[in-house]
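Those protein sequence lines, which keep their order, are chains W and V.
Sequential numbering of the first sequence, starting at 21, is according to our numbering.
Sequential numbering of the second sequence, starting at 21, is according to our numbering.
Hints listed in this document are in silico derivations from the structure and should not be mistaken for laboratory results.
Some hints could be false.
Unchecked claim - Calculated pairs, BS3-like style, for lysine-lysine (alpha carbon to alpha carbon, straight line, at most 25 Å):
{"no.": "1", "chain 1": "W", "residue 1": "Lys-227", "chain 2": "W", "residue 2": "Lys-165"}
{"no.": "2", "chain 1": "W", "residue 1": "Lys-231", "chain 2": "V", "residue 2": "Lys-227"}
{"no.": "3", "chain 1": "W", "residue 1": "Lys-143", "chain 2": "V", "residue 2": "Lys-227"}
{"no.": "4", "chain 1": "W", "residue 1": "Lys-82", "chain 2": "V", "residue 2": "Lys-231"}
{"no.": "5", "chain 1": "W", "residue 1": "Lys-165", "chain 2": "W", "residue 2": "Lys-214"}
Protein chains: 2
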Amino acid sequence: MKILIATTNQGKLKEFKRLLKDLDIEVLSLKDMNNTFEVEEDRPTFIENAIKKAKEYGDFYKLPVIAEDAGLEIEALGGFPGVYSARFFALSTFGGEEPVQDNKDRANILKVLRLLENQENRKARFVSNVVFYNPENSTEEEIDKGFGLWSEGYCYGEITTQPYGEEGFGYDPIFKPEGYDKTMAQLTPEEKNKISHRGKAVRKLIKNLSKLLS
Amino acid sequence: MKILIATTNQGKLKEFKRLLKDLDIEVLSLKDMNNTFEVEEDRPTFIENAIKKAKEYGDFYKLPVIAEDAGLEIEALGGFPGVYSARFFALSTFGGEEPVQDNKDRANILKVLRLLENQENRKARFVSNVVFYNPENSTEEEIDKGFGLWSEGYCYGEITTQPYGEEGFGYDPIFKPEGYDKTMAQLTPEEKNKISHRGKAVRKLIKNLSKLLS
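Work out the full structure: start from the sequences and follow the hints.
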């Protein structure tokens with residue numbers, strides 16, 4: 021069976037492939053489909069962004085899809101960047117824009133560090149919402165086609181005062197998971213998957229996916 | 021198997037019982053549990069409100085749960101009342117408060133009719149997001165417990181200029197489904213379930229629920 025991973029983020033794709041490697045499925049990426057359009061993640065919650073991506077790519081490519089929306093929630097920022105995590109640097113209405121010099125991950129990180137300067141409460145969590153959607157489940161009479169699996173995972177920790185490590189992607193260099201003396205970007209991919217929000221959410225999903233597909 | 025229907029809305033509960041009656045499950049209501057707390061539906065999307073209710077009631081009662089959030093989206097009102105459907109009468113920030121004289125459904129309806137006075141575009145849709153959550157799926161190591169099924173259903177139609185009919189609940193008396201000369205409140209329960217947003221969402225869910233539970 022083929023499953024499309026609906027992400028244009030290469031870091032995420034790598035982690036998904038590793039998490040799904042023991043399943044009897046062929047993992048396809050949007051690149052494999054020569055995909056040329058991006059589904060806008062404009063909804064106010066992770067789960068709805070994930071469902072939106074799953075349905076739009078699934079209906080277009082007529083393939084079962086796994087899609088994710090994930091982000092970083094920082095307590096002292098009232099949950100921000102949240103669903104804006106990937107484009108936080110450009111969010112002028114919260115904390116001002118951050119210039120992108122080398123890359124977007126770096127600009128996002130600099131904005132968070134700036135907003136948390138002199139802030140003692142550095143508690144944060146990574147959130148992942150993963151959904152599975154199979155367009156073939158849809159029958160003609162039920163044209164709106166909305167059915168699937170959902171799962172969520174959290175990873176609690178705190179924001180460091182400067183970036184450390186080269187692994188992972190996104191905010192990993194400034195996120196120190198609870199019980200660790202390293203940032204997420206200082207862990208090996210295996211170590212990260214074991215404790216990460218994404219790892220937890222995906223493991224729950226695939227545990228039940230086989231039942232649904234049987 | 022027992023499944024808890026996480027709603028305090030008696031009209032909804034009746035419809036769920038009818039939709040689930042052919043399944044080999046014992047349907048429990050919050051009333052059956054002598055439930056005394058209500059989960060606040062304060063999230064910005066239907067699906068997240070549904071998941072929130074499912075998890076909170078499921079974890080509390082240690083039972084598999086079906087939960088729904090549903091609402092009416094009116095095109096000329098930019099999608100309002102949406103997630104505010106049940107408490108639209110009290111939403112002072114959109115269209116002003118509507119006094120409750122006899123009941124809340126009636127106040128909600130009067131507010132919609134007032135806002136659509138002299139409005140030619142009366143297009144609207146009912147949206148239902150249903151989720152299934154089983155707390156027993158959660159393992160100790162994955163303490164955040166988020167996994168389940170999601171499904172959605174839509175019913176397209178338009179808003180009448182006055183209420184008709186006594187069946188159903190909520191906005192049914194002012195919602196005329198596409199292809200019908202009657203409002204939702206003039207349909208029999210069987211007719212309504214066949215075309216309703218809730219009927220569509222629940223049928224999709226239960227078609228797959230048995231696989232997951234086997």
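Worksheet item: Taking only the CA atoms, is the gap from Lys-82(W) to Lys-231(V) under or equal to 25 Å?
Response: Holds: Lys-82(W) and Lys-231(V) sit about 22 Å apart, inside 25 Å.
Item to complete: Take a quick look at whether Lys-227(W) and Lys-165(W) sit within 25 Å of each other, Cα to Cα.
Response: 23 Å, holds
Discussion item. Would the hint linking Lys-165(W) and Lys-214(W) be met if the CA-CA limit is 25 Å?
Written reply: Measuring from Cα to Cα gives roughly 33 Å; hence the hint is violated.
Worksheet item: Can the restraint linking Lys-231(W) and Lys-227(V) be considered satisfied, given a maximum Cα separation of 25 Å?
Response: Holds. Lys-231(W) to Lys-227(V) sits at ~13 Å (cutoff 25 Å).
Worksheet entry | Pair hint Lys-143(W) and Lys-227(V), alpha-carbon separation not exceeding 25 Å | Distance of about 42 Å is beyond 25 Å: violated.
Hint compliance for this structure: hints 3, 5 are not met, and every other hint is.
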